[in-house]
Structures are given as C-alpha cells and as structure tokens.
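Asker: Take a look at the letters that make up each chain.
There are 2 protein chains.
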Amino acid sequence: MSEIVQKVLAGDRLSLTRLLSKIEDGAPEGQQALAELFPHGGRAFLIGVTGAPGTGKSSLVNQIAYHYRHPADGGELKRVAIVAVDPSSPFSGGAVLGDRIRMNALTGDAGVFIRSMASRGSLGGLASTTAGIVQAFDAAGFEIILIETVGAGQAEVDIARLAHTTVVVEAPGLGDDVQAIKAGILEIADILVVNKADRPGIEQTERALKNMLQLAHPVRRDFTSPYLPASGEALNEALWMTPIQRTVATEGSGVLELVGLIAKHREHLSSTGDLARRERARLAAELDMLIQLGLVENWQKRLGNGQYEETLVEVVSRRISPGEAARKLIGMESK
Amino acid sequence: MSEIVQKVLAGDRLSLTRLLSKIEDGAPEGQQALAELFPHGGRAFLIGVTGAPGTGKSSLVNQIAYHYRHPADGGELKRVAIVAVDPSSPFSGGAVLGDRIRMNALTGDAGVFIRSMASRGSLGGLASTTAGIVQAFDAAGFEIILIETVGAGQAEVDIARLAHTTVVVEAPGLGDDVQAIKAGILEIADILVVNKADRPGIEQTERALKNMLQLAHPVRRDFTSPYLPASGEALNEALWMTPIQRTVATEGSGVLELVGLIAKHREHLSSTGDLARRERARLAAELDMLIQLGLVENWQKRLGNGQYEETLVEVVSRRISPGEAARKLIGMESK
Numbered sequence: 004m005s006e007i008v009q010k011v012l013a014g015d016r017l018s019l020t021r022l023l024s025k026i027e028d029g030a031p032e033g034q035q036a037l038a039e040l041f042p043h044g045g046r047a048f049l050i051g052v053t054g055a056p057g058t059g060k061s062s063l064v065n066q067i068a069y070h071y072r073h074p075a076d077g078g079e080l081k082r083v084a085i086v087a088v089d090p091s092s093p094f095s096g097g098a099v100l101g102d103r104i105r106m107n108a109l110t111g112d113a114g115v116f117i118r119s120m121a122s123r124g125s126l127g128g129l130a131s132t133t134a135g136i137v138q139a140f141d142a143a144g145f146e147i148i149l150i151e152t153v154g155a156g157q158a159e160v161d162i163a164r165l166a167h168t169t170v171v172v173e174a175p176g177l178g179d180d181v182q183a184i185k186a187g188i189l190e191i192a193d194i195l196v197v198n199k200a201d202r203p204g205i206e207q208t209e210r211a212l213k214n215m216l217q218l219a220h221p222v223r224r225d226f227t228s229p230y231l232p233a234s235g236e237a238l239n240e241a242l243w244m245t246p247i248q249r250t251v252a253t254e255g256s257g258v259l260e261l262v263g264l265i266a267k268h269r270e271h272l273s274s275t276g277d278l279a280r281r282e283r284a285r286l287a288a289e290l291d292m293l294i295q296l297g298l299v300e301n302w303q304k305r306l307g308n309g310q311y312e313e314t315l316v317e318v319v320s321r322r323i324s325p326g327e328a329a330r331k332l333i334g335m336e337s338k
Numbered sequence: 004m005s006e007i008v009q010k011v012l013a014g015d016r017l018s019l020t021r022l023l024s025k026i027e028d029g030a031p032e033g034q035q036a037l038a039e040l041f042p043h044g045g046r047a048f049l050i051g052v053t054g055a056p057g058t059g060k061s062s063l064v065n066q067i068a069y070h071y072r073h074p075a076d077g078g079e080l081k082r083v084a085i086v087a088v089d090p091s092s093p094f095s096g097g098a099v100l101g102d103r104i105r106m107n108a109l110t111g112d113a114g115v116f117i118r119s120m121a122s123r124g125s126l127g128g129l130a131s132t133t134a135g136i137v138q139a140f141d142a143a144g145f146e147i148i149l150i151e152t153v154g155a156g157q158a159e160v161d162i163a164r165l166a167h168t169t170v171v172v173e174a175p176g177l178g179d180d181v182q183a184i185k186a187g188i189l190e191i192a193d194i195l196v197v198n199k200a201d202r203p204g205i206e207q208t209e210r211a212l213k214n215m216l217q218l219a220h221p222v223r224r225d226f227t228s229p230y231l232p233a234s235g236e237a238l239n240e241a242l243w244m245t246p247i248q249r250t251v252a253t254e255g256s257g258v259l260e261l262v263g264l265i266a267k268h269r270e271h272l273s274s275t276g277d278l279a280r281r282e283r284a285r286l287a288a289e290l291d292m293l294i295q296l297g298l299v300e301n302w303q304k305r306l307g308n309g310q311y312e313e314t315l316v317e318v319v320s321r322r323i324s325p326g327e328a329a330r331k332l333i334g335m336e337s338k
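Read top to bottom, the protein sequences are chains A and B. When we follow the numbering used here, the leftmost residue of the first sequence carries the number 4, and every step to the right adds one. When we follow the numbering used here, the leftmost residue of the second sequence carries the number 4, and every step to the right adds one.
Rather than coming from a laboratory, the hints here were simulated on the basis of the structure. Any given hint might turn out to be false.
Pairs count within a copy or across copies, as identical chains cannot be separated in the list.
Pairs of lysine-lysine, DSS-like flavour, derived with a Cα cap of 30 Å [claimed, not checked]:
1. Lys10 x Lys331
2. Lys331 x Lys304
3. Lys10 x Lys25
4. Lys25 x Lys331
Please construct the entire structure, taking both the sequences and the accompanying hints into account.
Answerer: Structure representation (structure tokens):
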C-alpha cells in the first residue's frame, strides 16, 4: 500500500488534501490510490443536494452539515464532507467563489472537509472526478458526504446518480414560469425542499410541487446511464412518497426536520433493500462514465498524426458530413 | 439521391417532418439523408438562446421568430425554424409541454417550423441529434434557425456551441443569489438580454450583469470540446463588446432592438472573419460528439456476453475499484 493511502486511512488531513488534488488532476498516482482505497469504502452515506440557481442550496448544505456536527437530542456526531460541484462553470472561478461564501461556523472544525470543484471542460470528466473525490472521503472515514450541484440540467441528474438520497431544492418566486419546476428534476427527488419559505409565494410554490408530485407518482427510479445506455437498468424500487419540507436556510429553520427526513429515507432504503440496489446502480453509472472516458483516450492515442485535422477540413468544406467523417475516423482505429 | 432528400430540398413539409423523426430516432435512413443533405447546407444563420429557468426564453424566441416573419421597415422576410431543446427532461413530457405553450401567432405560418426535443437518456445523443435537426433545417432552406435551450449547465454550453450567435437571457429577481448569474454562462454570451424588464429589480440585475461583463472582458471564446479535449482549439476572435438589451417578451418590447443587435453581431462575425472560424469550431465540436458516440457503440458490439455484468459484480463487492474495472473492460476491446 502506498504511503499516501496509509496516511489518508489514518486520518491525515494534509495527505487527503494532496490526494484530492491528484484525483482532480487525473494523475496516475490518484488512480492508483483510489484502487487501493476502494475496498476500505462503502460505509459513507451520500446525500445529493441539487436545484436551480437562486434557491439557496449552498446555505442549506452548510446547515445540514452543521446539524450533523451539532446533533440535537443525543443524535450521533458524524464526520461530514461537502463536495460542491459547479458544472455551469466550464471556464473557471466558480470553485473559488463557492469556497468564499461558505459558512463561518464550519471553518476550523476538523470533522468537516469542504471541496469545491468546477468543470474543466469535460462533463464526463467532472462527474467521474466527483465520484473519485467521494470515494476518497468515504475511505477516509467521512460518514456523511454531501454532494451539492448547481442547476437543473443533465449534469445534475448525472451527479445525483452518485448519491443515496437526493434532495431537490426549490424556492418561491421561480414558479411563475412553466419551466421553473421541471418534471425531470422532480423525478430524481427523494425529498423536496422549498427553501426561502419566509418569502411571498410559498403556498403557491408548494401547491405546484404537490400537484406535480401527484402527477409523477409512483416514481420508478431509472438509473439508465446517459453514457452507455445499454448497460443501464431500471430500478424497481419500493414506493416512497416524496415529502416536501419548508426551510429558511439563512435562519436554520426547518433544517432539523429535513435532517430527520433524510434519516427516515435512509431507514426506508435499508429496510426495503433498495440501498443495495441503489449502490449497485450508482457504481454501474460510475463504471460507465469511466469506460466512456477511457474509450476516447485510447482512440486518441491510436489516431494517426494529422488524420483528424484532414478529415475536419473535408467537413468544413462540406465535402463530407460530420456523420460520415466520424465513421471514417472511428474506422481508422481498428486498422 | 434518396426520395426523401429530394422532397426535403424541394420544400416538402411532410417529408421534412418525417426526416426529423428519423434523425431523432437515430435511424440509418436519417443518417444517410443527413450525409446527402449536408453539401446543400451552410447558408442558415444559427441563433442560440439560453438561460436559467424562469427567464421567459420561450416567449422571447417566439417574438424573435415573429419579427423575422413580419420584418419592420422593409427588412428581409426569412424562413424560421425553432429547435427547442430541453436537456433537463431526461424522462419525458418536456417536449410536449414546450409545444403547447408556443405562440398562436406563429401557428399556421408555413414559413415557421417548430421542433421540440427532450433528452432520451443521453446528453451526447441529444446534442448530436440537435445538430442533425439543425442540418436538416439548413438544407431545407430555413434561413434563421433558433436553438433554444433550458437551464444553465454544461448541456447548454454544448448546445450553444452549435450556434453562430448566442443570446443569454436573464431576468430580475434571480440576481439575489451569488449563483444566479454564472460567469461561465456569461462567457458564451454574444448578446445579453434582461427579460421581464418591467419587473422590480431590473436596475440591480442590469448593474450586476455589467459588473460581471467588465470582469470577464475581453472574452476569448474557447471551443475546446467537452468530448475530445485534445481536438479542441481556442478561438482567437476579434473583440466584441457584449451588449445588454432589456426586453418584455410577453409584450414584445425590446425585441426589435434585440433583432437589430443580432444582425449587428452577424455583421461583426462576417467582417472580422470570425464567422468562418466559428463555423469550423462548430463543426469540429459536432464531429467530436459523433466520434464519442460511435466509440461507445463499437465497444458495446465487441464486448463479450456477460463480461460487463461479471465485472460489475466485482465492483459492487468492492474487490476492484470502478477505475480498475473500466481499464479491464476497455482492454477486452482490443483482444
């Protein structure tokens, strides 16, 4: 076993920080460490928190983390990791901003570890890197891992696949547009939160969500991979009635109840056997992402010098279509 | 040349509808038709319209289309296609909903063609299908193609890559959250629209956008592909100061000015030579998507029966990590 893995397993924070950077950089050392760490993981409970911009997700994630660190009524103290993922920042900066607005009450707490990640040009890369980061936290003994994603797109659905319990956050005032509450995003929600519940329009938003939930039930979670459609499988899960919880994250109200609902959902997953099924689907989705990234990498290595560029010129001059060009370039691979 | 292609080129609407369905279904006939149609395209101007949910994008797209159909002051009448893409509906229904809320003034106009698309489980598939749909409209003689996407994630950035001019839509009231206005999404904007400009908070939103634009300038568009990072290239474009336009799409105000800004940007692209550079980057991104999809398809065909499932079992039992498993399964490919 490598030294960095030994240190991470022993709880060394600096080694963990170094390892996370290696994973994010895609360094071979990081991959090797992940392979060594993997058998030591599988104990963490993964909570995904997603929702549209403007809903106050980050504050809510901070509050949830705070509750696990300051459990009420003899609750269990847990070590908490936060992975804040921002796929809508393909360029840069989002991660840094995310770090800056983090809660003061969490800083200096050795039982909390926060890692922000921005996309580096590759969505598949971001999701698989997130999976690696989560594995490292899991093996390092963090019992609760909060995976926070921004937005309401496919990227969030992909990253939600990494979690055991998915919390979807809405807020009043976004609901006046047909597009504000998406059926798709509701279908990945195990728990719905209406944050900023002290704002006008809360009843209207909650009513709209209830109506949509009634239309959507019974929800059958489908973990079919967006990467390798044929390898995915439909999960035939036990029925769970998605609850709606009001919160005001900035004041902390409703957060205790939300943490209670998360515990209830976890218990539901365990008692029905769905936890094992989700874990399998989760790992399958992760495997699929890595296969796809690896296939592209291999193809690039095999491709002859200049072949891609020559073919692109033919496309740009409209001599051949992008589809024909792709078939041609892929054909070169097997020669 | 196949019959369907002849009919589409001759302007037959029913054949076009049939072709679009074949493209969406991924049928070989659709691919063949696209290859035949491709040399006939390249004349359409592609306008991407993107933004977060709740900003009123659909109404704005309708208004833009209406303006090209009813040009003011002797402007040129154009045939308009709208491709409404909803990547946040991986499940279903979004496309149908999108169709229903479309503008009455556009229905029955033979010079307008609206096509809504929801994701069918594959983000890459959605983007490449969108590209195919756009190619078909282009070859069929639609001079303006509006590509509308929902949300603010990587999917929108990918689909924005398909356009010549990208319009990013914001709205007042979303700006109270640090995350509401993303630096990443701003960087793909050629024109910024603040829609719902009759609402309170318009000055604040506009000021925030101006500040962020100042921080972001000069913008250098980077078309590096999220699919094949190595094949992408940085565009070294001429400087364009992203303008901000207020609109109230429901009333049509500001839309004439917006259409004027789109024309100005098009002229800017032409006069600087950036149009050709963007067209090349656009086609490269499209080619990259198709290569990636093809690589996965080939790999799946070659994979032995049960190999994937056996390896997944090893991962689920934590004997090997997802990374090791992916390397193993990809290795099988070359045997």
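Asker: Which numbered hints turn out to be false for this structure?
Answerer: Violated hints: none at all, because every hint is consistent with the structure.
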